[in-house]
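So the chains spell out like this:
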Amino acid sequence: GAGVSQSPSNKVTEKGKDVELRCDPISGHTALYWYRQSLGQGLEFLIYFQGNSAPDKSGLPSDRFSAERTGGSVSTLTIQRTQQEDSAVYLCASSYRGTDYGYTFGSGTRLTVV
Amino acid sequence: KNEVEQSPQNLTAQEGEFITINCSYSVGISALHWLQQHPGGGIVSLFMLSSGKKKHGRLIATINIQEKHSSLHITASHPRDSAVYICAVRSHSGGGADGLTFGKGTHLIIQP
Chain A
2 GAGVSQSPSN
12 KVTEKGKDVE
22 LRCDPISGHT
32 ALYWYRQSLG
42 QGLEFLIYFQ
52 GNSAPDKSGL
62 PSDRFSAERT
72 GGSVSTLTIQ
82 RTQQEDSAVY
92 LCASSYRGTD
102 YGYTFGSGTR
112 LTVV
Chain B
9 KNEVEQSPQN
19 LTAQEGEFIT
29 INCSYSVGIS
39 ALHWLQQHPG
49 GGIVSLFMLS
59 SGKKKHGRLI
69 ATINIQEKHS
79 SLHITASHPR
89 DSAVYICAVR
99 SHSGGGADGL
109 TFGKGTHLII
119 QP
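Protein chains in written order, with this note's numbering: chain A, 2 to 115; chain B, 9 to 120.
Source of the hints: derived by calculation from the structure; they are not laboratory data. All figures in this text were calculated on a predicted structure; none of them were measured in a lab. One or more hints might be untrue.
Said to hold, decoys possible - Stretches of chain A that chain B covers, calculated by requiring three or more beta carbons in the stretch to come under 8 Å of a beta carbon on chain B:
1) 22-32
2) 41-51
Stated by the list, open to error - Part of the chain B face toward chain A, derived, beta carbon under 7 Å:
3) Gly-50
4) Leu-54
5) Phe-110
6) Lys-112
Stated by the list, open to error - Every beta carbon over 10 Å from chain A, so not counted as near; a handful from chain B, in silico:
7) Asn-18
8) Leu-43
9) Pro-47
10) Lys-63
11) Lys-76
12) Thr-109
The beta carbon of each residue, even a glycine, is placed where N, CA and C say it ideally should be.
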């Protein structure tokens, strides 16, 4: 596609439920990143995929968070047993190879846990 | 302590003023990014720097590697420049293997 596409754009869920957030990167971009932006906070790195290499999960805040990337393209971020502190905007970005090459953000998914 | 510090946190200026936003970082980096986030959340990558200076339209970004400092300048500012400007660095000590460490952003408002 022409840009990084994320869905849904907004998600309201009840505490304790699982949610899945989707990111469709720019075609041909091998690097894909998930970030989180909480109210009043800066962007927080979550996870990074590069090609077929094992993902860098060092930013995931707890084992309730997981992500996968199928076929080197679409990625899904899953949050299990959501908590109110998970409420944030979840942003996906992709890059041709890595952040030394610049990258493009999606418009984000605003997650609200009630 | 955040590895990336931006100043000011908030800036309100009149249309036409010359704007400077500063970013200081404490680690060795391979690249520094300036991002723009408009109300509604969309983020646009403005510049990626590893040395020197870059210019795009009314925007200028500079970096001093020795001083670990970068500035983003806006000339002839316009209300449409109102946004949050975010500095981010790629280092080997944080942000994941290729992820970035972000400043908290500078909220800029340009009044007509």
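*Which of the listed hints are broken here?*
Hints 1, 4, 8 and 12 are the ones this structure does not satisfy, whereas the remaining hints hold.
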